[in-house]
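Enquirer: Quick mapping for you: the protein sequence lines, in order, are chains A and B. First residue of the first sequence? That's 0 in numbering that gives the first Met the number 0, and the numbers climb one at a time after it. First residue of the second sequence? That's 0 in numbering that gives the first Met the number 0, and the numbers climb one at a time after it.
Hints are computed from structural coordinates only; laboratory data are not their basis. Some clues are possibly wrong.
[Stated by the list, open to error] DSS-like cross-link-like pairs, simulated, lysine-lysine; straight-line CA separation at most 30 Å:
1) B:K89 <-> B:K48
2) B:K323 <-> A:K127
3) A:K108 <-> A:K127
4) A:K127 <-> B:K324
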Amino acid sequence: MSEDIILSTSGLTKEFAGFTAVNGVDLSVKRGTIHALIGPNGAGKTTCFNLLTKFLAPTRGSIVYNGRDITRQKPAEIARLGLVRSFQISAVFPQLSVMNNVRIALQRKRGDSFDFWRSEDVLRSLDKEALALVEAVGLSSFADLPAVELSYGRKRALEIATTLALDPEMLLLDEPMAGMGREDIERIATLIRKVSKNRTILMVEHNLSVVASLSDRITVLARGQVLAEGDYVTVSKDPRVVEAYIGSGVGHGH
Amino acid sequence: MAEVLPADGSVAHAAAERSTASLHRNVMIGIAIALVIAPFVAYPVFVMKVLCFALFALAFNLLLGYGGLLSFGHAAYFGMASYVCAYAAKHWGFNPEFAILAGTCVAALLGLVFGSLAIRRQGIYFAMITLALAQMVFFFSLQTPRFTGGEDGIQAVPRGKLFGMINLADDRTLYWVVALIFMGGLLAFYRIIHSPFGQVCKAIRDNEPRAISLGYRANQYKLAVFVLSATLAGLAGSTKAIVFQLASLTDVHWSMSGEVVLMTLVGGLGTIFGPIVGAIVIVSMQNFLATLGAWVTVIQGVIFVLCVLLFREGILGVIAKWIKKPL
Ligand SMILES: Nc1ncnc2c1ncn2[C@@H]1O[C@H](COP(=O)(O)OP(=O)(O)OP(=O)(O)O)[C@@H](O)[C@H]1O
Ligand SMILES: [Mg+2]
Chain A
0 MSEDIILSTS
10 GLTKEFAGFT
20 AVNGVDLSVK
30 RGTIHALIGP
40 NGAGKTTCFN
50 LLTKFLAPTR
60 GSIVYNGRDI
70 TRQKPAEIAR
80 LGLVRSFQIS
90 AVFPQLSVMN
100 NVRIALQRKR
110 GDSFDFWRSE
120 DVLRSLDKEA
130 LALVEAVGLS
140 SFADLPAVEL
150 SYGRKRALEI
160 ATTLALDPEM
170 LLLDEPMAGM
180 GREDIERIAT
190 LIRKVSKNRT
200 ILMVEHNLSV
210 VASLSDRITV
220 LARGQVLAEG
230 DYVTVSKDPR
240 VVEAYIGSGV
250 GHGH
Chain B
0 MAEVLPADGS
10 VAHAAAERST
20 ASLHRNVMIG
30 IAIALVIAPF
40 VAYPVFVMKV
50 LCFALFALAF
60 NLLLGYGGLL
70 SFGHAAYFGM
80 ASYVCAYAAK
90 HWGFNPEFAI
100 LAGTCVAALL
110 GLVFGSLAIR
120 RQGIYFAMIT
130 LALAQMVFFF
140 SLQTPRFTGG
150 EDGIQAVPRG
160 KLFGMINLAD
170 DRTLYWVVAL
180 IFMGGLLAFY
190 RIIHSPFGQV
200 CKAIRDNEPR
210 AISLGYRANQ
220 YKLAVFVLSA
230 TLAGLAGSTK
240 AIVFQLASLT
250 DVHWSMSGEV
260 VLMTLVGGLG
270 TIFGPIVGAI
280 VIVSMQNFLA
290 TLGAWVTVIQ
300 GVIFVLCVLL
310 FREGILGVIA
320 KWIKKPL
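Isolated chain B, as found in the complex (with noise of 0.2 Å):
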């Protein structure tokens, strides 16, 4: 085997890599069908909230498992967009897709600043600063009630009219456009990590001072990809203001930030199709256990503390090992 190898190794490599990318694009497939199947088995309403806090989860996994860039802040992209959108949509009557591009945008931006004072530094100092800028957006939010609603949010965001045509009242409509706009973050997700930038992004990951000795300035791609997390989060956060018709302080809040952090663990990190995984695990916890209060907290706890003692991988990294590919 091994002596076969030589002759025709580029022939083997790209064969290995066809057949990575066929099972992915079958997953792929599989999820798509699973989406037009899921609201007649599932309330759309709650389907839309795992895919908002999935696409969420993808976003924090792009930047943790990608780009090896551990934020404690997600929360501040999610919320702050959310904010944005919501208000957009209900003070200056912007169209849905208007409203959840401006908050997207805004979440870019945010990212652009937050992201090039934390990437100055590294590890945990780099997690501390995240968190500690989200905190800034935290207290902004509860100190601007005009802005934010304070305590009780922007509540009643109407879902308006797509492209000034299609009424999103119903959940079953609103429901189709929260899975294109999901597939749509998958696929851009996809295409990033498998992109000549996801290529240095991994490399960077991996081995900073060795990306650097090649020449790639490093801080430039951490830059860059954080931008990319924070954007995806700002969709999620945008959709998921326009799905609950509601922004508040929940979603600035450090505990959403942990929450995306779980989903991803749970799920698998620096897996593409784990964090979708987790978000389904969680978000179903949480409605399931709804009546028992402040123990469902206490069970996440305990989920964390399993999934950092017993099963680092998560549940797409055992299943990944078990069929020896990337999933």
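In isolation and in its complexed conformation, chain A is listed as follows (with noise of 0.2 Å):
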């Protein structure tokens, strides 16, 4: 409707053979804010992320990003168009060093790069930024390192930089702190509000004082729907949310 409304869905559905794991989902996310996305384990979060982003074809409903139609596009599109995504389970590239995972993203500024008769030293100005975002999320010391050497919350750190590299107009978060130590949850927790200045950010967390502190309005999913809506204090009263968390054993860190 208004122009603020950055991304929205309507009556988003996504079936697996009879299972229904998103239902009918209207989601909007206003420009410029920290939207989280939170629920039980299987409400179909990480399934939405899919759908949003065209790595999962949606059976219902359509997806509005910026006043367009993005229902049928391609997901490397959607990433162009400055829709990005990091993904639950850690998606680094193992083999390649952490200055190059994050330089990979940086690389995109060239637009495609089809020219294999070129030597790779053309990239070599975009290393100074590269480094500031490995820097930014505290791997300065391992930028040499292949990214497969890394623990579990570091990749998750270096995947942070890797999308923050692409410097997209709207961030979608797969739980950016899952497997993370305290002082690294905080670290990203700060880098997360600082880059939100001027982006949006939808992420989806289960650290329930991150996301406290962290977000401008909460969407609650089970079981593929949309349960409660609201900022943090609303939400976290609403009785069928409680229900929903006690249902299913919450124990996501808190």
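Fit the two chains together into the complex; they arrive one by one in their own frames, and the hints show the way.
Expert: Okay, here's the thing in structure tokens:
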């Protein structure tokens, strides 16, 4: 409707062989906010992300991004529109060095890279920026290490640096802090707050204290449907939310 | 150490890359020197055979080691190029350089067509499609004896005169041409994997969904690397036709596709120089054991199994681990 809704879905539905993982979800994310998507395990959060970024095709419903219907787009095109995701299971390029993981994202600025005849020295100009991002997530001592050798939490941090390297208009983060130690959680939370200044962030996170401190708005998903929506105080008092969490045996850090 | 790095991390990063690059440069110089010495200590035809197969294995490794795409039908590009080169040299009287160029171009085109069909599928399905398409090429070759010479192949292919001037009939003369073609192929391969394009290919190989989520249209890159690989395989096949003055069904047979897989695995998949070592090992073995007949195949099978079970990284993969540098 209005200008400041950057992403909205209506009636978004995904069925897997008779099982409905996402069921008629209407979501709208306001531009410039941090919006959290929470819910018990198996609620359909990751499936939602896969639908939004076109890694899955919706069974029904539509998705509008920046006033543009993207329901039928391809995943690489979604990224080119400025809507970039991270993955729940850490997604790095294992054999590339930490630096090159970030640089491969910065390389997108050149447009397509079909120039197989040119030396990779032309990418050197991106090194400084890559290193700054690597530093921002606290990985500078590992810059030359192949990503496969990083611990799980550090891989997550690297993934965030890679995602930020694209300078996306909107970020979709699927449990960015899962598997991180307390210090790293603080660092990444600060970073997310910092980069959210001129961006929109939609984030799945189980760590409720992170959700409480970071997000402007929260949508609670359970069994594929929206259960509640509002700010943290409203949502956390909602009896249906409490019940959904207790019913599924909560346990995600809290 | 870790405390010092952040301040000049980019310097350390550049230094690490420089030392690897200089190692590679030295290996290249070593190979060039070996190429100069080789014809004086070994039969030129044998060395040329090794070089053709090494180039073929490099092409295969470009696709599998750097593009993450397993083709079971690379004989199609090698063999079809071999036929086209032989036919052009023999029946159209092409100079060797143009005959080789014609074979290479046809391989590139075939790669474009087959590649665009195959890249729509992933993993084992991709491999099966490349195999099926290569089998089609084999049966086409079998069924068109007017072009391929059927069971006889195209024999007595004239080596001709390079640029219409240099007579290649003498093995020693031809050797330098083949050595130059090989070196050119190796340098092209090295440049491709160290180009901006190569970086994206490695990223797609490592994690395709992630590369897509960064906005890379993975299929276009996969097709491009497929065509480049088919082109190099075609260059190898064409050169082989000139060296042996023969193009035959063996070149398009599935066992040829298997041999190139074996060479790459023995030498070291995803290493730069491994396939060359693999080609030397396998071609030498075939030559020295030729008297054993069918046993060669059995021994190759055993090596294959041993490689897969015990020696995953291949010869150069193991050495690279020792010296802790990519080779
Ligand atoms: N490709 C698939 N095929 C079949 N079922 C699937 C598929 N992907 C997800 N599901 C099912 O859909 C439901 C929702 O899964 P989803 O991964 O979206 O949950 P989630 O909210 O992200 O959970 P978690 O908090 O554990 O990450 C689960 O029951 C899951 O088993
Ligand atoms: Mg999930």
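Enquirer: Confirm or reject each hint.
Expert: Now for the hints, and whether the structure bears them out:
Taken as a hint, the B:K89 and B:K48 pair is honoured in the structure, with Cα atoms around 21 Å apart against an allowance of 30 Å. Restraint check: the Cα-Cα separation between B:K323 and A:K127 comes to about 26 Å, which is no more than 30 Å; the hinted pair holds. Of the pairs offered as hints, the one joining A:K108 and A:K127 holds, with about 15 Å between alpha carbons and a cut-off of 30 Å not exceeded. Taken as a hint, the A:K127 and B:K324 pair is honoured in the structure, with Cα atoms around 24 Å apart against an allowance of 30 Å.
Going down the numbered hints, you'll see the structure goes against none, and every one checks out.
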